[in-house]
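*Asks:* If you're matching them up, the sequences are chains E and S in order. For the first sequence, position 9 matches number 9 in the working numbering, and the numbering has no gaps at all. For the second sequence, position 2 matches number 2 in the working numbering, and the numbering has no gaps at all.
A hint or two may mislead.
[To be verified] Okay, the calculated bits of chain E under chain S, using three or more residues with CB under 8 Å as the criterion:
hint, segment
1, 87 to 98
2, 107 to 116
3, 122 to 135
[Said to hold, decoys possible] If you anchor each label on the Cβ, the simulated ranges turn out as follows:
hint, chain 1, residue 1, chain 2, residue 2, range
4, S, 68, E, 49, 34 to 40 Å
5, S, 135, E, 45, 32 to 38 Å
6, E, 53, S, 53, 43 to 49 Å
7, S, 135, E, 8, 30 to 36 Å
[Said to hold, decoys possible] Derived contacts from chain S toward chain E, CB cut-off under 8 Å, selection only:
hint, residue
8, 70
9, 115
10, 131
The hints are simulated quantities; they were obtained by calculation from the structure and are not laboratory data. Backbone N, C-alpha and C fix where the C-beta goes; we use that ideal spot for every residue, glycine too.
Protein chains: 2
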Amino acid sequence: MNNKENFVNKLRSSGLRPTKQRIEICKALYDREKTFHFTIMDLAKILKRKSREKISLATIYNTVFAFKKKNYLKEISINKNKSYFDTNVSSHHHFFNESSNELIDLKKSDVGRVNIKRKIPGKKIKSVEVLVRISD
Amino acid sequence: MNNKENFVNKLRSSGLRPTKQRIEICKALYDREKTFHFTIMDLAKILKRKSREKISLATIYNTVFAFKKKNYLKEISINKNKSYFDTNVSSHHHFFNESSNELIDLKKSDVGRVNIKRKIPGKKIKSVEVLVRISD
DNA sequence: CACTACTTTAGAATCATTATAAAGTAGAAA
DNA sequence: TTTCTACTTTATAATGATTCTAAAGTAGTG
């Protein structure tokens, strides 16, 4: 189970001080059954609702990007004017339902191996992501 | 060959009045050897340099989105804070160089067939696009 | 307990994008 | 050609997300 102690350890083990703001954000993000997608503004609303502490927007930004850097969060390429994040950091692909603007995780087994044949000298592949657009 | 006459016809045939601004923008976008990627700001700079007419930013936005709707342009989602557009409207994949923020087209033959095994009842697949993030 | 480097914060600043509303223009009709 | 109207362009203001700033607060070390 994810409890406060775990979050403190998790944070400390990656060199982030376990401040109360970061722990609150961990709770909001990881103390759930399933992974989920969110924008910064979504998270701000969740925190406002769930948390007794007021956490400033700047801190939410700082924390989300710190978590992204530590690979606790993944940023998703879907949208132009907002950043979407995913608490599912495993390598996976997405369906994007254009009719409803809904983003659906694909399991690894849902997509066959993607074979990138071209190499760019001196560059390393960081990730390979498939976006499948669907509609009614 | 792409000349003014062609652009006028192209525009008119899709219900867009061939204004001098739109024709200038067509020239900037399509009167070239190869397809390319650009942001609105890139295009604004190109137009400032190439075109005698001053074209307002608002018109550039309007025109780019009108062209997108008519399928003259494709919008590319790379998780950045700007919209990228592509004059190559065929379905294709991309490298995104995270070190330089550069977007590189992949040819169809550069990526093996992507096998999407999961189906969503009642939904049709519109496109399958692969984004390969690379860096130094 | 004291110190220092890391954090948080409010608010301002910035940047891309969208909205507004007034002036201009293309195309159709007379 | 002239007139008319709907479509366009434009400058500018407004918006909204994100980043910056610099001052106050705090965790962890010694």
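*Asks:* If a hint holds in the structure, say so; if it does not, say that too.
*Replies:* Evaluated hints:
| no. | hint | result |
| --- | --- | --- |
| 1 | 87 to 98 | holds (count 3) |
| 2 | 107 to 116 | holds (count 9) |
| 3 | 122 to 135 | holds (count 14) |
| 4 | S:68 with E:49: 34 to 40 Å | holds, 37 Å |
| 5 | S:135 with E:45: 32 to 38 Å | holds, 33 Å |
| 6 | E:53 with S:53: 43 to 49 Å | violated, 55 Å |
| 7 | S:135 with E:8: 30 to 36 Å | holds, 32 Å |
| 8 | 70 | violated, 18 Å |
| 9 | 115 | holds, 3 Å |
| 10 | 131 | holds, 5 Å |
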